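Given chain A, put chain B in place with the hints provided.
The listed protein sequences correspond, in order, to chains A and B.
Residue numbers for the first sequence follow the working numbering, so the first one is 542 and each next one is one higher.
Residue numbers for the second sequence follow the working numbering, so the first one is 542 and each next one is one higher.
Treat the hints with care, since some could be wrong.
Copies of one chain are not kept apart here, so a pair can be met inside one copy or by any two copies together.
In silico BS3-like cross-links for lysine-lysine, where the CA-CA straight-line distance does not exceed 25 Å [said to hold, decoys possible]:
1) Lys823 with Lys746
2) Lys911 with Lys560
3) Lys750 with Lys710
4) Lys576 with Lys919
5) Lys889 with Lys940
6) Lys626 with Lys729
7) Lys543 with Lys889
8) Lys576 with Lys560
9) Lys679 with Lys919
10) Lys919 with Lys560
11) Lys889 with Lys827
12) Lys576 with Lys911
13) Lys889 with Lys942
14) Lys816 with Lys942
15) Lys679 with Lys746
16) Lys719 with Lys823
17) Lys690 with Lys716
18) Lys942 with Lys712
19) Lys560 with Lys872
20) Lys872 with Lys889
21) Lys576 with Lys859
22) Lys560 with Lys543
23) Lys690 with Lys816
24) Lys626 with Lys750
25) Lys712 with Lys676
Hints are computed from structural coordinates only; laboratory data are not their basis.
Predicted, not measured: the structure shown is a model, and the values here were computed from it.
2 protein chains.
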Amino acid sequence: MKSLLIVCDGMGDRLTNGKTPLEAAKTPNMDYLAKEGICGIMDTVGTGVRPGSDTSHLSLFGYNPFEVYTGRGPFEARGAGVELKKGDVAFRANFASLRNGMIVDRRAGRDEEGLEDLSKELQGMEFDGVKVLFKRCKGHRAVLVLRGKDLSCAVSETDPEEVGVVPNKSKPLDKDPKSVRTALVLNKFTEKAREILDKSSVNKKRIAKGKLPANLVLARGCGMEPNIQSFEERYGVKAACVSATSLIMGVCKSLGMDVIEVPEANGHVDSNIGKKADAAIKALDKYDFVFLHIKGTDEASHDGNFAAKTAMLERVDKEVIGPILNRVDLKNTTIVLTADHSTPLRLKQHSADPVPLCIFGDVRTDDVSKYSERTCAKGGLLRICGRNLMGIILDLGGKSKLFGA
Amino acid sequence: MKSLLIVCDGMGDRLTNGKTPLEAAKTPNMDYLAKEGICGIMDTVGTGVRPGSDTSHLSLFGYNPFEVYTGRGPFEARGAGVELKKGDVAFRANFASLRNGMIVDRRAGRDEEGLEDLSKELQGMEFDGVKVLFKRCKGHRAVLVLRGKDLSCAVSETDPEEVGVVPNKSKPLDKDPKSVRTALVLNKFTEKAREILDKSSVNKKRIAKGKLPANLVLARGCGMEPNIQSFEERYGVKAACVSATSLIMGVCKSLGMDVIEVPEANGHVDSNIGKKADAAIKALDKYDFVFLHIKGTDEASHDGNFAAKTAMLERVDKEVIGPILNRVDLKNTTIVLTADHSTPLRLKQHSADPVPLCIFGDVRTDDVSKYSERTCAKGGLLRICGRNLMGIILDLGGKSKLFGA
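Pulled out of the complex, with its shape left as it was, chain A reads as follows (with noise of 0.2 Å):
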């Protein structure tokens, strides 16, 4: 038996003009799913609880993400292809543009011109015996990641988020001597990194140019490399991922799943979804476990457009769950379809909403014949919490084990 997980980010919704998006979108397939299968709806961090991202899938995946989750840092750093230490602290990072000591552009005018270089300008540096390892991601971003003995992530952020301001000192968050000294070892990079940056040709360049000066690093989502099991230690299942979504990815770096990348992907509601569930089929070959994240959902919600994220649902109907239905081999698979929160679209972010869930495998079915919010609510799984969801998996994949005798 095989597993395979999809969750469509921020798929869940409220009403608009009486119905959600699901309930709007033509989905025969997801439908399909549905009715052959078993629903309900789940909390995925827990009721009345709004989670991030980051948080839901750690709980999807099992995880109890108020034990494991410091900040996101860790995640992205993963997500951008840095091999993390436990013990490590990581930040997200941007370049930015600061003009007499205050900061004038928190993305450095979102311009790449020459960040490349900047970016092998700031490696290699070490304070106090910590390792300070700083890379460049797409765009303005980057990850920044401190490495030593005796580092702790209760410090503040030198991100202070707004412009027309001077950027933050990092401070301990509490006595321990751990954060006193991450908090230090911050404030000495952010220091040099801009000694370094403001006398780098490059800045002379950009302003030549009549650009903004990539003078300045700000950190923040601060995190540490949370020390859990592997999923493979823990479930004793080989897992893979698929994702765009370089947060996604970072959970999963985390948790030791294989993450395996589709070049025409992009995360947004163009992405080539199809290909990803290309990679999700191909990949139930070699592994027990797939997930496949699909995130334009979340962005259309983001953007708080209707037209967009039912438009983006029936996509997902038609290109990811339609040939998976084609071509995945059903008597033996486990599917499940289900989000990781809801991001209603009069919000534009996420909400406590509890997300829709359906189990196609060898399950007890129930009346539902269509997925949407409310159709899953009348389902025979009730409602659930996400932290459950894998062990009702690896129960239906014949992998659980039994506690007791």
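The following block gives chain B in isolation, referenced to the frame of chain A:
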């Protein structure tokens, strides 16, 4: 967005001649909420847990009573207007009557004559550096507070809750020196109070008139003021309580809510609940979160009176829910209607049965069009725990915090 939480104490019930009181009552306004909102059932403290009104309200406000609750004493004391400090140990107390060393009446004949003067005679005592605060409440009732260092609520009660026996000596319930000390102080107070009361001219007058003397103070419901975050600290929301029940007012005061007193309300089935609705509606102008508590439903339940409970529910529908629907800004207010526990008429006491729940606001509506225990069980919320309700309310009010990124 504002939030209005309406709790009808003990509203949930079992079947009497095939119907619950909510099913038998005509409640068109509650039914409107159910039709336009989302319904479910709720275990206020936990599935299969039979809650008190104090523990259930703590849970409804999002606090875990298994962690923070030690006894009703501090809530009674707060409700009686005693300002408590962290570490205070509080008891409910009664004036009682002792003859030849035996308790002959636990309520001093329910005769209030001179009790106010007797209370004055009990002021200002101190034993081993522990101050004793004594405050008379309605009738024969009082609250007793021990204030000092190193106190504990692990002590037995002096009230044996029966007559024809001697009063109990308080004993430490564990080996902690704090418990030993607390029991000692309580016993010293009880002894000293007995001496003072016995000698008092008030009691000589009572006896001369053929009345029972009020010559003993019995203590029970020991609890310690919990060391918890206030509601506002925890949720960033200013909250007000409208209740006529001292225990519930006490819980709200312990959480730092503003308590709005309605002089016309008395907590009984003949209370002027319309005035309470007025106060709650008005409070929504000033507060983000308003809690409205109606006690009469529980009173009718403890009396085992089906007709009285049904009539009270119809009064709530007409005099509370109706005006709220007419006068509250429904587009910008989440309205929650529920109970703190079930009090089945046949039992005349609290039960572990879940309570009906309806949330009206920006919700995924369901097919429920009648507000009752059994119809709500078919609603879109399914079955939730009371401790998670605040998360849902805050989320619908746009005041929940994102957990993760």
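Verification of the hints:
| no. | hint | verdict |
| --- | --- | --- |
| 1 | Lys823 with Lys746 | neither (48 Å within a copy, 63 Å between copies) |
| 2 | Lys911 with Lys560 | both (13 Å within a copy, 22 Å between copies) |
| 3 | Lys750 with Lys710 | neither (31 Å within a copy, 78 Å between copies) |
| 4 | Lys576 with Lys919 | both (12 Å within a copy, 17 Å between copies) |
| 5 | Lys889 with Lys940 | between (39 Å within a copy, 14 Å between copies) |
| 6 | Lys626 with Lys729 | within (22 Å within a copy, 45 Å between copies) |
| 7 | Lys543 with Lys889 | between (35 Å within a copy, 20 Å between copies) |
| 8 | Lys576 with Lys560 | both (20 Å within a copy, 16 Å between copies) |
| 9 | Lys679 with Lys919 | neither (43 Å within a copy, 48 Å between copies) |
| 10 | Lys919 with Lys560 | both (16 Å within a copy, 20 Å between copies) |
| 11 | Lys889 with Lys827 | neither (38 Å within a copy, 27 Å between copies) |
| 12 | Lys576 with Lys911 | both (7 Å within a copy, 22 Å between copies) |
| 13 | Lys889 with Lys942 | between (41 Å within a copy, 15 Å between copies) |
| 14 | Lys816 with Lys942 | neither (34 Å within a copy, 36 Å between copies) |
| 15 | Lys679 with Lys746 | within (21 Å within a copy, 82 Å between copies) |
| 16 | Lys719 with Lys823 | neither (46 Å within a copy, 51 Å between copies) |
| 17 | Lys690 with Lys716 | within (17 Å within a copy, 27 Å between copies) |
| 18 | Lys942 with Lys712 | between (45 Å within a copy, 22 Å between copies) |
| 19 | Lys560 with Lys872 | between (34 Å within a copy, 18 Å between copies) |
| 20 | Lys872 with Lys889 | between (39 Å within a copy, 19 Å between copies) |
| 21 | Lys576 with Lys859 | within (17 Å within a copy, 35 Å between copies) |
| 22 | Lys560 with Lys543 | between (34 Å within a copy, 24 Å between copies) |
| 23 | Lys690 with Lys816 | neither (43 Å within a copy, 64 Å between copies) |
| 24 | Lys626 with Lys750 | neither (41 Å within a copy, 66 Å between copies) |
| 25 | Lys712 with Lys676 | within (23 Å within a copy, 48 Å between copies) |
When the structure is compared with the earlier hints, violations turn up for hints 1, 3, 9, 11, 14, 16, 23 and 24 and for no others.
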